[in-house]
Each structure stands twice: as structure tokens, then as C-alpha cells.
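Student: Sequence:
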Amino acid sequence: MIQLNLSALKTLKASGKQVPDYRMGADVPKIGIVHIGPGAFFRGHQSWYTHTALQMAGGDWGISCVSMRSPGVADALNPQDGLYTVAVLDAQTSYEIIGSIQEVLIAKEQYTELQARLSSADTKYVTMTITEKGYCLNSEGNLDLDNDNIKQDLAGNQQACSTIGVLVEALGTRKAAGLEPFCAMSCDNVTDNGKKLRNALIQYAKQKDASLAAWLDDKLICPCSMVDSITPATDDALREQVSSELLIKDNWPIKRESFVQWVVEDCLPEDKPAWKEAGVTFTTDVAGFENAKLRLLNCPHSSMAYLGVLADIETVHDAMQQEGLVSFVKSMIEQEIVPSFTPPKELDVAQYSADILKRFQNPAIRHLLSQIAWDGSQKLPMRILPIIQQNIVDGNPIAQLSTAVAAWCLFARKRFIEKQELVDPLAVNMLSIAGQCNDDAEHDVKLFLTMEEVFGKSLSKDKTFIGALTQAYQNLLPVLTTKNIPWGSLK
1 MIQLNLSALK TLKASGKQVP DYRMGADVPK IGIVHIGPGA FFRGHQSWYT
51 HTALQMAGGD WGISCVSMRS PGVADALNPQ DGLYTVAVLD AQTSYEIIGS
101 IQEVLIAKEQ YTELQARLSS ADTKYVTMTI TEKGYCLNSE GNLDLDNDNI
151 KQDLAGNQQA CSTIGVLVEA LGTRKAAGLE PFCAMSCDNV TDNGKKLRNA
201 LIQYAKQKDA SLAAWLDDKL ICPCSMVDSI TPATDDALRE QVSSELLIKD
251 NWPIKRESFV QWVVEDCLPE DKPAWKEAGV TFTTDVAGFE NAKLRLLNCP
301 HSSMAYLGVL ADIETVHDAM QQEGLVSFVK SMIEQEIVPS FTPPKELDVA
351 QYSADILKRF QNPAIRHLLS QIAWDGSQKL PMRILPIIQQ NIVDGNPIAQ
401 LSTAVAAWCL FARKRFIEKQ ELVDPLAVNM LSIAGQCNDD AEHDVKLFLT
451 MEEVFGKSLS KDKTFIGALT QAYQNLLPVL TTKNIPWGSL K
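Each residue of the sequence shown is one higher than the last, beginning at 1 in my numbering.
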């Protein structure tokens with residue numbers, strides 16, 4: 001068994017494995033990208049895209065990964081020269097050695113090296129997957145000046161601990177050296193992520209140096225983006241699987257589904273990796289893709305979760321074996337979701353919907369419906385209710401969408417009846433309402449619609465919606481005792 005590192009690549013290539021050819025010669029790409037937050041999703045997604053671009057077109061687009069505090073990724077990947085395996089899970093699993101990462105820095109311990117890397121003329125892009133919390137934003141989407149990390153960084157008594165503080169310090173150094181700003185790209189699933197990142201950086205700079213803020217306002221590029229791919233956590237079973245298949249020891253392989261999507265606002269500098277050739281979609285309408293994802297992926301996903309849990313179905317893959325459920329979801333997509341919005345011109349809606357259903361069928365991804373059902377009070381106002389509101393305005397049907405909402409109500413009742421945990425910020429109120437229900441559809445629906453934080457004031461009083469929801473609730477009521485969905489009555 002050989003340890004995965006640069007010296008192992010020739011042996012792996014000779015045995016027919018997919019390896020990063022650009023890391024095997026003397027002319028190794030320079031580091032042109034710094035990425036903050038080297039978690040599993042990044043390594044299965046953006047790092048893979050950059051690897052693919054390097055394989056196709058070369059260029060100085062090596063990646064320096066930055067962990068703000070945790071040494072875990074550095075300890076795993078640095079002894080492997082940044083190399084790791086991506087296992088693509090589908091009916092058959094495929095494997096590829098990824099070489100785009102060349103180093104992993106720990107900001108807390110290697111702050112000087114990090115600032116030097118960010119300030120280097122070779123560094124053209126800084127990407128990040130730091131979760132919404134990492135941007136230190138307030139409820140209005142602006143920089144939270146009361147955030148403890150931001151306050152500490154603005155005080156300037158020690159090295160910056162927030163991503164925003166770290167980046168603005170480096171941008172100030174670049175300005176002083178006569179360099180252009182790097183292109184800063186958020187790859188987190190945050191609406192208008194590029195705009196929010198840009199505003200946060202400029203707002204922070206205003207607190208430190210007005211001229212720096214003005215320079216950034218004039219020159220800084222922060223494209224919006226959208227990312228998508230299921231990346232389950234690495235476990236020992238994956239390590240053993242990679243070891244058995246490739247005959248190597250990989251400290252931290254990554255697994256993901258075969259579907260992968262990266263949509264980027266088409267405003268990047270001319271000098272960029274061959275991401276487009278690697279499959280990245282460049283568009284002027286990232287918001288349109290986000291909307292399509294919410295409607296064509298997230299809405300069916302949640303609908304399937306609530307209906308499936310009511311029928312005691314365990315996983316998404318299991319749900320896709322139920323002909324009645326699949327037929328219902330397809331009908332909802334075609335009749336009620338697709339007519340509700342105008343897709344971006346680059347999106348083939350029929351193909352995208354087919355790809356989503358194919359993803360749901362993936363036997364290698366064990367995605368629990370109960371987990372998808374979590375936090376429904378937060379998800380419904382994003383994923384389902386806006387479609388209902390739009391369809392009411394347009395005079396389009398809402399019966400199947402209302403069935404999904406009714407299933408959420410009955411999901412709460414099922415949790416109450418079976419005395420199971422309900423994972424939701426509004427769990428106390430939902431369980432209280434569930435406890436007052438009496439199987440009279442009109443009575444029960446009226447109780448749930450008192451949750452204005454979910455339904456809003458207008459929708460909760462809309463007669464069309466109330467009627468559709470009450471009928472759907474009545475149709476689904478038998479499932480609480482039979483565990484069988486009466487699909488015929490839901491058409």
C-alpha cells in the first residue's frame with residue numbers, strides 16, 4: 001500500500017488511474033487562487049472544477065487552501081502534497097486523483113504566510129466557502145459592526161480573525177504595492193452572495209481607510225455565484241473503499257454525487273481558469289438560476305420528504321421507487337412549478353428537471369427524508385409558498401403544491417402523535433398546534449394558518465389557498481392511521 005503523494009503519481013498513472021498530469025512535471029502551475037474554508041464541499045466541487053480546467057487548458061491556477069483555525073485538513077493533505085481522491089457516487093463509483101490544491105495554510109498559525117499569499121501578484125482569485133455566518137452580516141445583509149470578531153479586527157490590536165478582516169488587510173497591502181485587487185468570490189449558498197461580500201468588504205474598509213474603501217468601490221470584482229452537489233461526509237468506509245480500489249492510502253478522500261453545478265456571474269476578469277470549458281455556467285442572471293433551483297429542486301425535495309415521511313419511507317432513493325409519489329412529483333413540476341417562473345436563457349428546464357429526478361434516484365446517496373423535513377417552517381416560505389402565491393396571481397393551479405403544505409402540517413401531527421422530536425425553530429408552537437387538532441380539516445388548517453411567521457398575513461387569509469389547503473389536508477388525513485398515501489385523490 002503506497003501513500004498518496006506526488007511521488008506516487010507515476011505508479012498510479014501507469015496502472016491506469018486518473019491522475020493530475022499537471023503536477024507530474026517540472027513546470028508545476030503557480031498558485032493563482034486562494035480558497036478560504038477547505039471543507040468537503042469545496043474539495044468535491046470548486047477544487048474539482050479547477051482541477052478539470054487545469055487538465056484541459058493548464059495555466060497558473062494552483063490553489064492555496066486556508067483553514068481559519070482548524071488544522072485537520074492541513075494535517076491530512078500537506079503530507080500528500082495537497083492530493084486527494086474524489087469518489088463520484090452513482091450506480092457505479094468512479095475515482096479521480098485531484099491535484100489543484102498545492103498547500104493548506106492555517107490562518108491562526110501561519111498568518112504572515114497567508115497575508116503574503118493574498119498579497120502576491122500571482123494571486124488573482126480568492127474564493128470562499130465559509131457558511132453565511134462567516135460573512136459577519138446583520139439581518140439587513142450589511143456588515144455587523146457589533147460582531148465580536150469584526151470589533152476585534154477593527155481595533156487592530158492583533159492579527160485579524162474574521163475572513164472580512166483578513167481580506168481587507170491584504171487588499172490594503174495590494175493597493176499600497178500598486179497591484180489590482182484580487183477577484184473575491186463567495187461560493188456559499190447565500191442569496192446575492194457576491195453583492196453581500198462586496199458590500200461587507202467595502203463597509204469594513206470604510207472603518208479603517210476611506211481611500212481604500214473608495215479604491216475597492218471602483219475596482220473590486222465580487223461575482224455572484226450558485227453551487228450545487230451533494231457531498232456526504234467522509235467516513236472510514238470511504239477510506240477503505242479508496243484503499244481497496246486504488247491501492248493507496250489517502251488520508252482524506254471526498255465523495256459526492258455525479259451531478260455538479262457551478263453558476264457564476266459573467267463579470268470575471270479576462271484572466272481566469274478554463275472554468276467554462278470545465279462545465280461552469282457563466283450568466284448575467286445568477287438569481288434566475290437560484291430561483292430555478294428553489295422551485296425545481298428544493299420544492300420537489302421538500303414535498304417528497306413530507307409525503308414520504310407520512311408513508312414511513314426512509315430515503316429519497318426509496319421514495320423514488322414509489323410509482324405514485326414519483327408520478328405526483330412529476331405532475332406538480334409540469335403543471336404547477338414550471339409555469340410559475342421565467343427561467344434564465346442558459347437553462348434547459350426540461351433537462352434540468354430530468355437531471356434532478358435522476359439525482360433523486362441515485363442508489364449510492366443515502367439521503368434521509370426525515371433530515372430533509374427538518375426546519376420546514378424556514379423552508380416552506382422559501383421553497384413552496386412563493387410558488388403558490390405566484391400561481392394564485394396568475395390564475396394557475398395550486399392543488400398539488402397545497403398537498404405538499406398539507407403534508408407538512410400532518411408531518412407535525414405525526415411527530416406529536418408518535419412523541420418524536422420535531423427539529424424546527426418553531427417546534428414548540430407547531431407541536432402545540434398539532435396537539436389541538438381534531439381531524440376536522442377546516443378546524444386544523446385554521447390552526448396552522450395562525451403561524452403568520454410561516455404563511456404571512458396575506459396568504460394565511462387568501463380564500464383560494466385556504467380552500468386548496470383544506471381539501472388537500474382532508475385528502476391526506478387517512479395517512480395518519482393507514483400509512484398509505486391515497487395518490488388517486490391527489491391528482
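Just so you know, the hints here were simulated from the structure itself, not pulled from any lab data. Each residue gets a CB set at the ideal place from its N, CA and C atoms; glycine is no exception. Some clues are possibly wrong.
Only pairs whose alpha carbons sit at most 27 Å apart, straight line, appear in this in silico DSSO-like list of lysine-lysine [unchecked claim]:
no., residue 1, residue 2
1, K151, K175
2, K483, K446
3, K345, K414
Each pair of labels, with its calculated beta carbon distance range [claimed, not checked]:
no., residue 1, residue 2, range
4, K463, K330, 25 to 33 Å
5, N5, W374, 36 to 44 Å
6, A287, N157, 23 to 31 Å
Student: Does each hint hold? Answer for all of them.
Tutor: Structure-based check of all given hints:
| no. | hint | in the structure |
| --- | --- | --- |
| 1 | K151 with K175 | 23 Å, holds |
| 2 | K483 with K446 | 24 Å, holds |
| 3 | K345 with K414 | 42 Å, violated |
| 4 | K463 with K330: 25 to 33 Å | 29 Å, holds |
| 5 | N5 with W374: 36 to 44 Å | 40 Å, holds |
| 6 | A287 with N157: 23 to 31 Å | 40 Å, violated |
Going through the hint list in order, the structure does not satisfy hints 3, 6.
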